[in-house]
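Construct all of the structure, not just a fragment, from the sequences and the given hints.
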Amino acid sequence: MEKKTILATRPDFELTTKYISSWASKVLEFAREKEVVVFDLAKEKANRQELETVVREQSPDFVFLNGHGDYDKVCGQDNECLIEADDNAEILSGKIVYALSCRSADTLGKRAVEKGALAYIGYIEDFIFLFDEKQKDFPLQDKIAQLFLEPSNQVAFSLLAGSSAKEASENSKESFLANVKKMLTSEAPKEQKGIVRYLLWDRRHQVCLEKN
Amino acid sequence: MNQANQEQEIKNLVIARLAVLPEDIGISIGQVGSFNKEEIIKHVQQGDEIGKKITEVEMGFLKGLKQGVYYGKEDHFGDSA
Chain A
1 MEKKTILATR PDFELTTKYI SSWASKVLEF AREKEVVVFD LAKEKANRQE LETVVREQSP
61 DFVFLNGHGD YDKVCGQDNE CLIEADDNAE ILSGKIVYAL SCRSADTLGK RAVEKGALAY
121 IGYIEDFIFL FDEKQKDFPL QDKIAQLFLE PSNQVAFSLL AGSSAKEASE NSKESFLANV
181 KKMLTSEAPK EQKGIVRYLL WDRRHQVCLE KN
Chain B
1 MNQANQEQEI KNLVIARLAV LPEDIGISIG QVGSFNKEEI IKHVQQGDEI GKKITEVEMG
61 FLKGLKQGVY YGKEDHFGDS A
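Protein chains in written order, with my numbering: chain A, 1 to 212; chain B, 1 to 81.
Don't read these hints as lab results, they were simulated from the structure.
Yeah, the Cβ is synthetic: ideal placement off N, Cα and C, and Gly gets one too.
Here are the simulated lysine to aspartate or glutamate pairs, EDC-like style, with alpha carbons at most 16 Å apart:
1) K34(A) with D61(A)
2) K134(A) with E23(B)
3) K18(A) with D137(A)
4) K190(A) with D24(B)
5) K134(A) with D24(B)
6) K136(A) with E23(B)
7) K190(A) with E23(B)
8) K37(B) with D132(A)
9) K37(B) with E191(A)
10) K3(A) with D61(A)
11) K193(A) with D24(B)
12) K143(A) with E23(B)
13) K37(B) with E133(A)
14) K52(B) with E125(A)
15) K143(A) with D24(B)
16) K193(A) with E23(B)
17) K115(A) with E90(A)
18) K136(A) with D24(B)
Derived Cβ-Cβ restraints for the label pairs, each shown as a range:
19) K52(B) with G162(A): 38 to 44 Å
20) A188(A) with L62(B): 17 to 23 Å
21) Q58(A) with Q67(B): 45 to 51 Å
22) E174(A) with E38(B): 31 to 37 Å
23) K52(B) with E33(A): 42 to 48 Å
24) E7(B) with G116(A): 42 to 48 Å
25) Q45(B) with Q49(A): 40 to 46 Å
26) S93(A) with K52(B): 34 to 40 Å
Here's what the structure looks like:
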């Protein structure tokens with residue numbers, strides 16, 4: 001049986017990209033455990049040329065994009081535009097995509113699905129996360145950021161475990177909700193309860209786009 | 001209440017809610033950047049784009065509560081958080 005393949009872009013040049021790319025490494029660890037072939041475009045490798053080459057030559061099943069974005073694009077290292085709705089959205093044809101990136105599901109996601117992507121899971125608004133200032137040099141030890149980035153990773157974990165795109169998004173939303181409930185119990189410190197509204201914001205704006 | 005007063009009331013409400021977040025909290029808002037609590041409160045006071053985004057998050061949550069969001073009921077979260 002042919003092995004599944006995942007391509008991840010993991011830029012890392014300031015706090016936000018450092019956090020999301022650090023947490024994305026957990027997905028790649030899981031993928032390797034599952035014997036999924038991993039193409040990891042980290043830091044400087046998260047550029048358009050590398051991305052297009054890997055997509056063309058390896059045709060990964062699953063594309064996991066981490067980076068800044070906007071309604072019509074997702075970026076890589078130093079904010080180089082990797083995929084843009086009116087430019088190269090067709091490279092996602094035949095793939096399942098999860099973009100941990102602000103807003104890109106709005107226009108790029110729709111265009112990618114029009115151009116043949118099997119599914120595009122992403123956010124139609126800014127992905128906001130909170131973090132612990134004391135832990136910002138150690139993103140994987142940050143328990144506050146974990147509340148946001150674990151539910152986000154759930155999309156990828158679910159896809160790698162064989163869920164459909166729709167199920168993967170639902171699992172992620174469930175995971176956000178589980179953290180909301182955790183924050184609202186009496187065990188959570190009172191001052192952390194305010195984190196709930198940001199978890200709900202991300203949950204609300206995550207969408208799974210598929211061809212009808 | 002005129003519009004300016006109403007806007008100030010909303011700002012005050014949002015700032016009061018931000019003030020109770022943990023002291024060491026930071027907020028990452030995508031490409032816009034990451035901010036500490038003090039900086040975020042300042043942006044809300046100034047009413048700039050970052051402040052407006054935070055206000056949108058906070059007021060969206062409050063509107064959800066007003067509409068009777070029940071924690072744990074999936075559909076309600078989807079529509080009104």
